[in-house]
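S.K.: Residue numbers (my numbering), protein chains in the order written: chain G, 1148 to 1803; chain R, 0 to 295; chain S, 4 to 178.
Mixed in with the good hints, there may be bad ones.
Stated by the list, open to error - Below, in silico cross-link-like pairs of lysine to any residue (SDA-like), each with a Cα-Cα straight-line distance of 20 Å or less:
#  : chain 1 : residue 1 : chain 2 : residue 2
1  : R       : Lys277    : S       : Asp151
2  : S       : Lys52     : G       : Asp1624
3  : S       : Lys52     : G       : Arg1608
4  : S       : Lys145    : R       : Lys140
5  : R       : Lys111    : S       : Ile178
6  : R       : Lys247    : S       : Lys137
7  : S       : Lys177    : R       : Asn206
8  : G       : Lys1637   : R       : Pro193
9  : S       : Lys114    : R       : Asn206
10 : G       : Lys1618   : R       : Pro193
11 : S       : Lys142    : R       : Asn206
12 : G       : Lys1502   : R       : Glu194
13 : G       : Lys1618   : R       : Glu276
14 : S       : Lys137    : R       : Lys220
15 : R       : Lys247    : S       : Val139
16 : R       : Lys220    : G       : Asn1617
17 : S       : Lys172    : R       : Met58
18 : G       : Lys1618   : R       : Lys195
19 : S       : Lys172    : R       : Asn107
20 : R       : Lys111    : S       : Glu176
21 : S       : Lys28     : S       : Val78
22 : S       : Lys137    : R       : Met58
23 : R       : Lys195    : G       : Asn1500
Said to hold, decoys possible - Here's a subset of chain G near chain S, in silico, CB distances under 7 Å, partners left out:
#  : residue
24 : Pro1430
25 : Leu1431
26 : Asp1546
27 : Glu1547
28 : Thr1583
29 : Phe1606
30 : Arg1610
31 : Pro1611
32 : Ser1612
33 : Glu1613
34 : Asp1624
35 : Thr1628
Said to hold, decoys possible - Residues from chain R that keep clear of chain G, each with C-beta distances beyond 10 Å, as calculated:
#  : residue
36 : Pro33
37 : Glu43
38 : Asp122
39 : Glu137
40 : Lys141
Quick caveat, the hints were computed from the structure, so don't treat them as lab data. Backbone N, C-alpha and C define an ideal beta-carbon position, used for all residues, glycine too.
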Amino acid sequence: MSNKIGVFVCHCGINISSTVDIKKLVEYAKKLDGVIVSKEYKYMCSDVGANLIKDTIKKNKLDGVVIACCSPRMHEHTFQGVVEDGGVNAFNLEIANIREQCSWAHENKEDATTKAKALLRGAVAKAKLLEPLQTSTIKVTPKAVVVGGGISGIQSALDLAEEGHKVYLIEKTPSLGGRMAQLDKTFPTLDCSGCILTPKMMEIANHPNIELLTYSEIKNVEGSIGNYTIKVNKKARFVDIDKCTGCGDCVTACRLKDRITSEFDEGIGKRSAIYMPFPQAVPLKCTIDKDTCLMLTRGKCGTGPLCVDACEANAINFKQKDEEIELKAGAIVVATGYDLINPDSLYEYGYNNSKDVITTMQMERLINSSGPTKGEILKPSDGKKPKSITYILCVGSRDETECTWCCRIGCMSALKHVYLLKEKLGDEVEINICYTDIRSFGKGYEEFYHKIRGMKTNFFRGRPSEVKTNKDCLTIDIFDTTTNKLFEIKSDLVVLVPALIPRTDTADFARKLHISQGPDGFLLEAHPKLKPVDTFTGGVFIAGCCQAPKDIQDSVAQASGAAARAANILSKKELEAEPLVSYVDEDLCSGCATCISICPYSAIELIKEENGKSHAKVNEALCMGCGSCVGACPSGAMQQKGFKDKQLIPMIDETI
Amino acid sequence: MKAEKKEKKYALYPGCIMPTEQYAYELSLREILPKLDIKIIDLEGFSCCSEPIKSVNQMLTLALSARNIAIAEKEKLDIFAPCPMCHLALSDCKKVLDSNPEMKEKVNNYLKEEGLKYTGNSDIISILDLLHDIIGIEKIKKQVKKPLNEIKIATHYGCHLIRPSELGRPDDSENPQKIENILKAIGAKTEYYPEKLDCCGALLSANLPDSALTKTGQKLKSVQELGFDAFVDTCPWCHRQYDARQEKAGSIIAAKLQVPVFYLTQLLGISFGISEEKLGLNLNQSPTETIKGEKP
Amino acid sequence: MTITDLTSMGKSQTEIRKEINERLKKLQNEISDYCYQCAKCTSGCEAHKLLELEPHKIVALTKRGLIDEMINSDVIWTCMSCFKCRERCPQKVAPVEILFALKNMAVASGKQIPGNYTAMLQSVLSIGLLQDIKNVTTKNNKSINRNDLNLPEISKPTDPTKFQTILSKLAVEKI
């Protein structure tokens, strides 16, 4: 209870003062019951403003503070520190938002000032009834979970492990590596992708602090910052990894050898039902695809499964089951990567009509020496070498009817391919690039573009409308805006550069981790400029392409950033918990459990009493102070500290 | 209890070209639709939809399309517009007026003069909606007495039947398959060809007739070179270019064109065993007699 | 401040450009400003190969406000309304619709309507249809028309006078 309240009104430059009459507000405040002093300043959040607040508190021996300024989301935390420094409990501070909710939403000065007065009235009424609260602490589980075994996840896991924290690295597919493992070379240095990736993969496998869980998926996440409980489903490989030597004899023997579309080869190559994703896989163990294996789908494989006969280590076990594992962690880093748009949604480019219309990732697999053609560039339709290859950029990108965003890596990938294709097929191969803009923005990128321009490449500035499939070639009409002429290109192979999209199961996944997606479907960062790796959920961080399309160097930088943010939590033994949690008046509670079904953080449990009755109890460590339970409680037994009914109702009365 | 009426009724909106020149389309559809339990109602008072003269005055097109819809709405009938250009005009008009009450009021002010009012209560159906979705492939199959002997037919959808897709057109704009499905049901073969979505050029014949014929000729030439046995369309404008003006188109592009061009409704009629004269096949100018149905 | 095209000495006609955008918004709910000149429309334009129509250039000139130049040209009448440009544009711009607006403006400003359009318009005015019943030649070389066939009477406006009144009023109405 406060009766010596100081009111501080901020101009916020001209953000507030151009619409709200500050002088009138300050005078008005002085007349309110409980207020003994009222001041103003241009930038209350500055050093000068902070000192003004502290000095006024000390001078007038205030026991409550109201600041009329911007949204509490901006500076509440800062101001809490300031008032504590001045000698007032942080929770005897109330903020009246007269910017986002007043000056920024209205134009009429008179009306805005009247509204600001109302908001101030309410804030003061609540401030009078606030109680001092103490922050509690929560113990931190000093372990991290990294979801996603691509280069971003690998980088985060290594950074955290090197710092001394235990890390669980969870990967959905049978091996680490992600998209980078599918690539041949990386731009602009033309490093061999596998060569720079595999040492890191080996580091993960050998690191004492890292436990690698491949072919595993997250089932459920509960808890909150510092204390997460994560249930993981370790999928059955039907291969005993302790026995498997990775020799690959089973793969060659499999009855379905070369009959199943390979995901790693982006659909342009084939594999067996029992397979090794790629030669440098970590762990180097085989996996059986339960959806295609004859033993697992039909119960029999010819006269007997050939893989079992071939396996000298006796590692195959058709009876293996999925395993559920429970992990505890203090922080989670999400690095689940991206998918590519299916070019069928731009049907006019002929992806469905011709085998010789492929995507950049499929071309990357052709170029890669461990790909389906062992590194030879051959037309998928007839296996012959192409004499002419045409790239179409921005397929589905920068498109109001598909993906509105730029894929960021398309231009550089196409330029990289020019270099690699000229290397493989000789200088005479005709390569055409149909572009709208060439975005070579990164370090070394423009220089790389310069190099490619000197390599006899045909650049067409324009976009084809369709790709026609003729009997012996593909025909593309393109209007080149640089020469103002329409060109007809006859090409053996057409490569589409598709848009980068969020993983198709992102919605489900985001719900599991209690994080949000942006309007484009990618995982949402807390602030696009200042908090690019945080999410709105404490303790969960994002890195790499799951947040937005980007190249490898930006992904790695972001991954290290996310690791640092996570380490911030893990390096502490305890965290301060906000005291604005819910609590139950056990006398009023009837045990109806409505609150329990509502709580998104599973923070409430039902306690049975001796007389057969029961009541709800809030686990303060898990409670995030969202207030849903308070709203749902039919008896008013559930209240939230700092937002009690008896504090809010007078606030509402005074405001209106 | 009354037995459920199997027959569906539609007001036929004939447009201009079909009733005044492309008689075969009207003859063939009047022959096949009753066999498929569709009743056509002829109404008085229709005028041009004005889509072909939209270039001159788009307000006219909007108002005249609304006028024609209003005539059918007065009789509480949905409209069947066999000409895809009319179908586009009416559908576009419906979309604009249904979503813009200011426009609707403006247009209705003009329609008042003739005692008409656009309300938006009638649906606009195209020939593909009718044959493929409303009647359905199964019902068509039941009527087939002389399957088309596996002849390879090049399908021509034209432009106004499938674009612009945001208005909701009867088939997909990049991979339309409804005509293919119908042809398969009557025993014909179909195949992708690169020029499938190309335009016939008809709308240019108002001011640049030779250019229009060049477009017409080029598509027919490709179809011929690719070995198709016949060519099918559903639009009086397209058909006039490909059938009636085939010879002229050939001379403009210096090629000998001998492509049999049919209306989809004519092919259906042939497979149903209806006589050639009733289907207006003696009015086709292209060499349609080279195609015979299954020998009895 | 003015912007002058030194090639044609034409000035930017921002009012007319706004008018075109408003008309497009009323009819399709999209405007022309988002074009980034990828030229996908021109690459696929059915008229371009024969007749030099460049839909992306039409949009660029409209954005620049150089409307007169286009209204006075012949090239705007070469569009065959195939709608491929509207269908495939990644920014939902519809050059075909801008062309309709420009053609309408050309007619309204008194320019001569090319080709057969006048005849078609006259026919609609007098009988309600683009053309009257025509004779066609059968495969047996006979000349027949609708009246020789087993078809119902052709549908025409029941009160031609009232119909013509509406048309003449509509002729001067703006969208």
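S.K.: Broken hints, numbered, in rising order?
M.R.: Failing hints, ascending: 4, 7, 11, 13, 14, 21, 22, 24, 25 and 29.
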